[in-house]
Amino acid sequence: MDIEQIKSQFPIFSKKIKNKPLVYLDSSNSAQKPINVIKSLDNFYKNEFSNIGRSIYSLSVSATNKYEETRLSIKNFINAKSKDEIIFTKNATESINLVASTFGQKFIKKGDEILITELEHHSNYVPWHYLRIAKGAIIKFVPINDDGDIILEKFKELITSKTKIIAVTHLSNVTGTIVPLKDVIEIAHKKNIPVLVDGCQSAPHIKVDVQDLDCDFYAISCHKVYGPTGVGILYGKKKWLEQLPPYIGGGGMINEVKKDDISYAPLPEKYEAGTMPTAEVIAFNESINFIQSIGIHNIMQHEKELTNYTLDKLKKINSVNIVGNPKNKAGVISFTIKGIHPHDISTILDEDGVAIRAGQHCCQILHERLNLVATARASIGIYNTKEDIDILCKAIENCRKVFGKK
Amino acid sequence: MDLKQLYQDIILEHGKSPRNFGKCEKYTHQAKGYNPLCGDKVQVYLKINNEKKVENLTFEGSGCAISVASTSIMTELVKGKSIEISKKIVIDFLNMIKSKTEIKSNDLGEDEKIKVMSLSGVKRYPMRVKCATLAWHTLSSAIEGKKREINTEVID
Numbered sequence: 001m002d003i004e005q006i007k008s009q010f011p012i013f014s015k016k017i018k019n020k021p022l023v024y025l026d027s028s029n030s031a032q033k034p035i036n037v038i039k040s041l042d043n044f045y046k047n048e049f050s051n052i053g054r055s056i057y058s059l060s061v062s063a064t065n066k067y068e069e070t071r072l073s074i075k076n077f078i079n080a081k082s083k084d085e086i087i088f089t090k091n092a093t094e095s096i097n098l099v100a101s102t103f104g105q106k107f108i109k110k111g112d113e114i115l116i117t118e119l120e121h122h123s124n125y126v127p128w129h130y131l132r133i134a135k136g137a138i139i140k141f142v143p144i145n146d147d148g149d150i151i152l153e154k155f156k157e158l159i160t161s162k163t164k165i166i167a168v169t170h171l172s173n174v175t176g177t178i179v180p181l182k183d184v185i186e187i188a189h190k191k192n193i194p195v196l197v198d199g200c201q202s203a204p205h206i207k208v209d210v211q212d213l214d215c216d217f218y219a220i221s222c223h224k225v226y227g228p229t230g231v232g233i234l235y236g237k238k239k240w241l242e243q244l245p246p247y248i249g250g251g252g253m254i255n256e257v258k259k260d261d262i263s264y265a266p267l268p269e270k271y272e273a274g275t276m277p278t279a280e281v282i283a284f285n286e287s288i289n290f291i292q293s294i295g296i297h298n299i300m301q302h303e304k305e306l307t308n309y310t311l312d313k314l315k316k317i318n319s320v321n322i323v324g325n326p327k328n329k330a331g332v333i334s335f336t337i338k339g340i341h342p343h344d345i346s347t348i349l350d351e352d353g354v355a356i357r358a359g360q361h362c363c364q365i366l367h368e369r370l371n372l373v374a375t376a377r378a379s380i381g382i383y384n385t386k387e388d389i390d391i392l393c394k395a396i397e398n399c400r401k402v403f404g405k406k
Numbered sequence: 407m408d409l410k411q412l413y414q415d416i417i418l419e420h421g422k423s424p425r426n427f428g429k430c431e432k433y434t435h436q437a438k439g440y441n442p443l444c445g446d447k448v449q450v451y452l453k454i455n456n457e458k459k460v461e462n463l464t465f466e467g468s469g470c471a472i473s474v475a476s477t478s479i480m481t482e483l484v485k486g487k488s489i490e491i492s493k494k495i496v497i498d499f500l501n502m503i504k505s506k507t508e509i510k511s512n513d514l515g516e517d518e519k520i521k522v523m524s525l526s527g528v529k530r531y532p533m534r535v536k537c538a539t540l541a542w543h544t545l546s547s548a549i550e551g552k553k554r555e556i557n558t559e560v561i562d
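Sequence order for the protein chains is A and B.
Each residue of the first sequence is one higher than the one before, starting from 1 at the first, in the numbering used here.
Each residue of the second sequence is one higher than the one before, starting from 407 at the first, in the numbering used here.
Just chain B, with the same shape it has in the complex (with noise of 0.2 Å):
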């Protein structure tokens, strides 16, 4: 039971057909992100308008079904939204993952929350926090404008 928990057929067809894929064209913002642990990588690229709006969102990188997923997953999620409303989600999902059996936020849609909720399997598995998080530290990084590479060995 506890594997269909972690590997939900929204994962795995996420995890099979990432959406918003690839770089999209006159992207304002990008960051890079890294796991050593497995050699995943990922890449985001943002395109905000002159209203503080996430225009466009997508991303490279090469991972597993959880990564990948939950990289997608946060595109569609974060695409069309304001970036003070982009980086509160990210901050719900981080706190989802950590520690909240479900995502508090003000900001998703009820679909969007089952969503993202698809995810908090993932919890059961320590070793596998780091892919779910991943994309969703890049795009922090993107929107703060860093420059340095996400680690997921340096971040908490």
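Chain A with its partners taken away, still in its complex shape (with noise of 0.2 Å):
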């Protein structure tokens, strides 16, 4: 595989940063776009805009068309159903709420319990805050252990006749831990819980199969699969989505609109109220074409080397410390050096050229059972190379430098 091609069809990697070439470290956070989602949004706007929907005019209808297109590729991207399971949200954190707030409305009493996991971001525990506040409904966390892998065994014993539903992510945005999905479900499922999976980290870098997982819900933001901003997709079992109540009232979404009464579109646009980032939806669709052009098996091979790569380099300095060593790892590699503060390292490394993240990354939960104050974290895409490892490692050779550490 030419990772040097694939990185040219980013035009951001002609920039320079502080006359240095970039080297993005960062994709968790967000990844860059490849040219042609950038000129699908330009094209739209140029030559093809208009509001989707329900207008006759020609503009409109291939605008239609070129939206429900990328909502079939997704569906056959992550294997759903059918393409009514696939509903477009602002992003995941969106998708996740939709899910907390009518499931929560159907379904949760005082006193019943959310089962979620230290790893979560942020996202996935404050949308299920909401219905502590509103329901009286009980969160409880499962365990991770020192490596970052939850536990398993606590996990089946958190399991009550009160559980209503269990929320995970797919893999940790701080130590890289890929859950064991299909044991997690299927002991949810054997007890008749359904299972949401926060898929924003795994989505742009390993196989997603809905069906496989047989999970209820995924989440998943476009941004972060090399594709707009402004974009999230909340795949949902049909059996969910149609018994669930609508989130965002408003035009689109309705059936039939009376002074006494309202009734909902059917799915999937029940849940899409108002004009949605039409754009950004079309140009998603050369983001799964750009993934496939490469092939996700082929993309898995390529940034596990990488890791692998990373963690070996990482190692061999001195006071670097890893965050968590689980059983099975994806390219995102948080780490602390001894003595320096991650803010600290991430100032230094700019200047070098080198865009890593430094805090807590939405995660106080798993940093507080860490006892991490904070980590910096560099985070691989498709995009980078040894090379950017290797600048990388210099960089952070420097900044152990700046502060005078041998």
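Hints should not be assumed to be uniformly reliable.
Claimed, not checked - Per the computed footprint, the stretches of chain A lying under chain B, defined by three or more beta-carbons under 8 Å from a beta-carbon of chain B, are:
# : stretch
1 : 59–65
2 : 338–351
3 : 365–377
Hints are computed from structural coordinates only; laboratory data are not their basis.
Beta carbons: idealized from backbone N, C-alpha and C, even for Gly.
If you follow the hints, you should be able to join the two separate chains into one complex; please do so.
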């Protein structure tokens, strides 16, 4: 696989940061965009713009068709049974909020339990917290071990007759842990408990097959999948989406509106009120084309190799400590350097054109569990090369030099 | 070169071995500060005596080199000064960080000015300004006897 050729599809890499080539190691936060995605946005606004939906004229019909083509591509990309199970949202955060809110409305009563894990991003905790406030629900956390793996035995123990839903990440944005979802879902389903998966980190990097996983809900943020900002996906099994109440109300999601009653549109329109990010949804089709042109298995192989290379090199640097050591790890590498705060690391690395994230990565619960105030995080995308990692390691050495470490 | 201006030896040294660290005895005022962007936390403790002088000033907390050094230098500068002058020093410092190139203050000696000027490099790093100012805002809050925790996302 020719990574340089792949990298050349991303215009941002021809830019210089502080006169140095950009070494972008923050794809867990958001991925860069290939030229075809950018061109699609440009082309839509220049040549094809119209709102989608119920207009009759040809420009609108064409836009509507393209919007629906993306839905179909996503259905195939994650192997959903029907394209009606693909709902467009603002981002994965909104997707999770949609489920928490509507599922909560219908199924959660005082004292009911919601099971999440210590790995979760705030976006898979805060929406459930609202149900704690509004409904008196109880939130329980599946513990992790020091390696960053969830403890399956404890998970089983924490399920009770009051557990109404389980929400779990597919891939941790701090430790890179790939959660054994099939086991989790099998255990949950034996007790008839639905499972929502936060697929933010997994969708761009590992094969996602929602039928094989048998998950009930799956949330994705398109900007992490080499796509535009402003678009997210909620996959939901039809049986759930059909019985849950609507979320945001407005135009496009109704069937019939009368003074004394309103009926709602069928799926997927039921959950897509108001004008959607049309250009972005259409451009996201190009992101899927981009991934498929490389092949998800090739992506996995390249990123696995680069992850191992990064881990090996980082471990050789004095006083660098890698956060977590999960059984199955993706290209999310959080680390600390003894005596240097992650924010100082990030500032100093930036001087060498190296973009990493520093802080708690929206995971305060996890940082508290690991007794860490903050961490630095390098995360890998398909465009990263061994050379990027070499520059990262050199920049870390420089960082240690600034702080007078030998 | 820019990096050397930000991470001057004096900052690295204070960051590594902060002065006046810990909770002082019989403090009369205290306040907490929090920077949600990075999770930095600071708590300052003041002992203000009957003559309205800052008899002691210490701090606890965790943070980056910039924030720890800034807090440490602040305690050295303010300790022993009257409340009125302390307040002026805080304002002078915040002005220096925000706009001015030099600290303008009639209340600091030349050595003290040089020490505090070591933090002026932070101006070039907009994302790091809050690291440097957190403790100073927290000190103001403690002097004013405010109850609410200082949050860098709420102050300017």
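Hints and how they fare:
Under a criterion of three residues with beta carbons nearer than 8 Å to beta carbons of chain B, the stated coverage of the stretch 59–65 of chain A fails, only 0 such residues being counted. Counting residues of the stretch 338–351 of chain A whose CB lies closer than 8 Å to any CB of chain B gives 9, so the stated coverage by that chain holds, three being the minimum. Evaluation of the coverage hint for the stretch 365–377 of chain A: fulfilled, as 3 residues show C-beta separations to chain B shorter than 8 Å, against a requirement of three.
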